[in-house]
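Undergrad: These are the residues of each chain, in order.
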Amino acid sequence: MADPVLELDGVSKSFGALRATDDVTLTLHPGEIHALIGPNGAGKTTLMALISGRLRADSGCIRFRGQDITRLSVTQRARMGLGRSFQISSLIPEYSARRNVMLALQSRQGSPWHFFKPVMHDASLLEPARAMLARVGLEGRASVPSAELAHGERRLLEIAVALALGPAAFLLDEPMAGMGAEGARRLTGFLDDLRREAPILLVEHDMDAVFALADRISVLASGRVIASGTVEEIRADPEVRRAYLGEEAT
Amino acid sequence: MVERRREWTINALLALGLLAVPLLALLIDEPFLITLATRVAILALAGVGLNLALGLGGMVSFGHAAYFGLGGYVAGVMAHHAFSGTPIAAGLSGSDQMLVIWAVAMVLSGLLALVIGALSLRTSGIFFIMITLAFAQMLFYFALSWPAYGGEDGLPIFVRNSFPGLNTMRGWDLFILSYGVLMVALAIFAMLRAARFGAALMAVRQNPDRAAAVGIPPFGVKLLAFVISGMITGLAGAMMADLTRFVSPAMMAWQMSGELIVIIILGGVGRLFGPVAGAAILVGFEVFFGGITEHWQFFLGLVLLGVVLFARGGVIGLIAGRERHG
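Chains as they are written, first to last, in our numbering: chain A, 309 to 558; chain B, 259 to 584.
Just so you know, not all the hints are guaranteed correct.
Beta-carbon label-pair distances, calculated as ranges [what the hints assert, rightly or not]:
no. : chain 1 : residue 1 : chain 2 : residue 2 : range
1   : B       : 270       : A       : 443       : 39 to 45 angstroms
2   : A       : 445       : B       : 282       : 56 to 62 angstroms
3   : A       : 376       : B       : 403       : 48 to 54 angstroms
4   : A       : 419       : B       : 416       : 43 to 49 angstroms
5   : A       : 550       : B       : 584       : 51 to 57 angstroms
6   : A       : 419       : B       : 544       : 39 to 45 angstroms
7   : A       : 443       : B       : 442       : 39 to 45 angstroms
Below 20 angstroms or equal to it, Euclidean Cα-Cα: the simulated SDA-like pairs (lysine to any residue) are [said to hold, decoys possible]:
no. : chain 1 : residue 1 : chain 2 : residue 2
8   : A       : 425       : B       : 448
9   : A       : 425       : A       : 435
10  : A       : 425       : B       : 584
11  : A       : 425       : A       : 436
12  : A       : 425       : B       : 452
These aren't lab readings, by the way, just hints derived from the structure by calculation.
The structure presented is a predicted model; accordingly, all values stated were derived computationally and were not measured.
Where is the CB? At the ideal position from N, CA and C, for every residue including glycine.
With the rest of the complex left out, here is chain A (with noise of 0.2 angstroms):
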């Protein structure tokens, strides 16, 4: 197999007391979806905000695309590549979604440390916001305040600033949320493309999703993986059965 995009080697993080993240090796290899399933509280947020930069780990390392980004910033990580999407929408809502989309564009382009040239005029961003926004079809939408969109087409305008940052990696955290079943079946379907991009790390509840589109399941447990594997192998883990699926397995 290909060298992994991203790799956590013995991630750990507490606060306080409660070890959130505990001791997590995993990795994310170019053309698969990873999906990372756990119960409520089971350190799915804390393990994004790790891999993101928003939160630093005590121990363990990080590396995307070869380098340690360990200790690096969101807008450094960003930067580099890993383009993600937040769990319950996070937009510019005064931005209308051509410019959420652009926002994103302009940053992959080079830093915001341009003075004088209006955005409105910029081909090099508008043309390239219309046809992410098209791939998700937003199009229709481009000038409407992404405060003012649907709640589904908020999910919509996530993975476009996602795509729009040309990333080498995915983090997709929960972006099936609140989308009903025409919605969610429209975004597997779309995910199930975009893995050809790029690898996509997807924290997701929506159990028919994510064994419709996983290559590879880890499941996380009180911060620990306590397994990993393939969609068939998950299925049949007992331990897994038993701490998670119980319920919900078929």
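Using the hints, position chain B against chain A.
TA: The following block gives chain B in isolation, referenced to the frame of chain A:
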């Protein structure tokens, strides 16, 4: 689209109105009105500076009087030494040239904003307001207790500093100079706001986590905006000292910081011509109600209350509606 055209119309009316008042005053020979219009232009300039930090960046600085006052003291101190022919310090002589004074005022204000910003931008909300206030008060008490330049009595500028090609002792000349600088500052504000830097700054105000996640460093963007903001307000301070031909610690007092915030809120937070509208209202109230009662600020308070309760976008927002970022 309608809103945007309406905002352009009111902006043009404000720009022309501010020009028309002193022209009229010239015709009917009312030099007092020219001074008032100049005061509006310079206060608006200080407001443009604050608007960059507060309006675009969401940094509620309650200490912008520090830059305003520093600019004023640069003008006062340099003029003082040019007048008396003494050096400021070994090898440093004063100047009575506005261009030199402005450059020094902007550099020093920028450096001060860099230091204050670097320390206070690590906080936000009420802590940021209090820390910026504390820094400004430190400078205020320093100016108050430093006898070399007048201490609490302030420092007069005996001869107004000069500008090439203009007779700055003439009211109209000084007005047109202030008006020109204000228009340049507004053009710079508009340019920065429309550029990638402005897009990043307004994004950081609304959602710093999202901005960081798309690769924008929130701290750096805010700090640069804060420095530019301090420079513009410092320049306004230097010009105000030349208008009144006097600087005193009052320019650095918290009331001055408050006045600048009031200007922004009255006019419309983040709106291009907000500071112009706000400064015109403030000076208008001061003159009109100030002539009737010494408690004119009571009426200003009423209007401010009305704006905060019913017209969050200030005067510009009331007329042109909410701003949209298409």
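Undergrad: None of the hints should be skipped; say for each whether it holds.
TA: We went through each hint and held it up to the structure:
1. B/270 x A/443: 39 to 45 angstroms: 41 angstroms Cβ-Cβ, so the 39 to 45 angstroms window holds.
2. A/445 x B/282: 56 to 62 angstroms: Distance hint for residue 445 of chain A, residue 282 of chain B holds at roughly 58 angstroms.
3. A/376 x B/403: 48 to 54 angstroms: Holds: the Cβ-Cβ distance is about 53 angstroms, inside 48 to 54 angstroms.
4. A/419 x B/416: 43 to 49 angstroms: holds (48 angstroms)
5. A/550 x B/584: 51 to 57 angstroms: Distance hint for residue 550 of chain A, residue 584 of chain B holds at roughly 53 angstroms.
6. A/419 x B/544: 39 to 45 angstroms: holds (44 angstroms)
7. A/443 x B/442: 39 to 45 angstroms: holds (43 angstroms)
8. A/425 x B/448: holds (11 angstroms)
9. A/425 x A/435: Measuring from Cα to Cα gives roughly 16 angstroms; hence the hint holds.
10. A/425 x B/584: holds (16 angstroms)
11. A/425 x A/436: Holds - the C-alpha atoms of residue 436 of chain A and residue 425 of chain A are around 17 angstroms apart, at most 20 angstroms.
12. A/425 x B/452: holds (7 angstroms)
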